[in-house]
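Please put together the full structure from these sequences, using the hints given.
The lines below spell out each chain.
There are 2 protein chains.
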Amino acid sequence: MNIEQLELTEKRIKIFKALADETRLAILKTLYHSGNELNCTEVGFTCDTSKSNASYHFKTLREAGLIKVRKDGQARYMSIYKETFDQILPGFLDTL
Amino acid sequence: MNIEQLELTEKRIKIFKALADETRLAILKTLYHSGNELNCTEVGFTCDTSKSNASYHFKTLREAGLIKVRKDGQARYMSIYKETFDQILPGFLDTL
DNA sequence: CTTTTAGTTCAAAAGTTATTTAACTATAGA
DNA sequence: TCTATAGTTAAATAACTTTTGAACTAAAAG
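Chains A and B are the protein sequences, given in the same order. Counting from 1, position 29 in the first sequence corresponds to residue 29 in UniProt numbering; the numbering is continuous, with no gaps. Counting from 1, position 61 in the second sequence corresponds to residue 61 in UniProt numbering; the numbering is continuous, with no gaps.
In case anyone wonders, no lab produced these hints; they're calculated from the structure. Among these hints, one or two may not hold up.
Because identical chains cannot be distinguished in the list, a pair is counted as satisfied if it fits within a single copy or across any two copies.
Cross-link-like lysine to any residue pairs, in silico, SDA-like; alpha carbons within 20 Å at most [as the list claims (entries may be wrong)]:
| # | residue 1 | residue 2 |
| --- | --- | --- |
| 1 | Lys59 | Ala20 |
| 2 | Lys11 | Ser34 |
| 3 | Lys14 | Leu25 |
| 4 | Lys82 | Phe92 |
| 5 | Lys11 | Cys47 |
Next comes the structure, spelled out in C-alpha cells:
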C-alpha cells in the first residue's frame, strides 16, 4: 500500500468510527435535515446528553471532517461538511 | 423515532463499526477486487493475522451483513454481500 | 468589574472491542 | 480408525471509546 492509500484508509476508519455511534448519527441527521447551520446548544438538545458529552461528540465529528464549525461571538455554528461525504460516502447523506 | 428507523439506525451502526477497522477494510478490499468468492485461508493470508483473529473479523463482517459465506466440505467461501452496500452505502464499494 | 452564557478540556470511571492462546468441531484422506 | 486440514469458540487480557463531573476560557450583558 502506498502512502496515499494508507492515508485514505486512515481517513475512512476515522470517518466510520465517527459514524458508528447513535448520538453522532442523530447529530448529523439533525444538521442535514435542518438545511442550514445550527448552534451547539440547539444540536445538543436533540441528542439528549450533557453539554460536555455533546462537545466530545462534536469534536469526534469535526476531527473526522464530517462537520465544520464557524465561531461567531459566544456561539459556534456547525454544519455538515458535504465535501467529505461526497468523497468518501457518495450517496450516503441522502439515505439519512 | 419509529421502530423501522430505529432498526435502520442499529443496522447502520453495526455496519459502520464493522467498517471502522483496518483489517476488515483489507478483507473487503481483497474480496471486492478478486471479483469472486475466496476461502477463509486465502483471505486470511492477505490480512496478516492469526486464524482465530481472522475468524473473529469474518464474524463481525458476517453479522453486519457485509459478507456472505457458503460452506462446501471443509472450506468456507466468502464474498461481498452487495445488497447491503447498495442499501446503506450506495457508491461506496467502487471507492474501495 | 461581576455575572451569565456558550462551549471546551481534563481526569477518572465505566463500557466496549480487539488480540491471544488453547481447546474444540467437522470434513477429508491415508 | 488415525491424522491432517479448515475453521470456530471461549476465556483472559490489552487497548480503546464513551460517559461523567468539575474546572476552565472567552465573549456578552448588567
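Hints and how they fare:
1. Lys59 <-> Ala20: both (15 Å within a copy, 18 Å between copies)
2. Lys11 <-> Ser34: Cα proximity of Lys11 and Ser34: none, with 26 Å in one copy and 24 Å across.
3. Lys14 <-> Leu25: Intra 14 Å, inter 12 Å, cutoff 20 Å: intra and inter.
4. Lys82 <-> Phe92: both (11 Å within a copy, 15 Å between copies)
5. Lys11 <-> Cys47: Between copies, since 19 Å is at most 20 Å while 25 Å is not.
In this structure, the one hint that does not hold is number 2.
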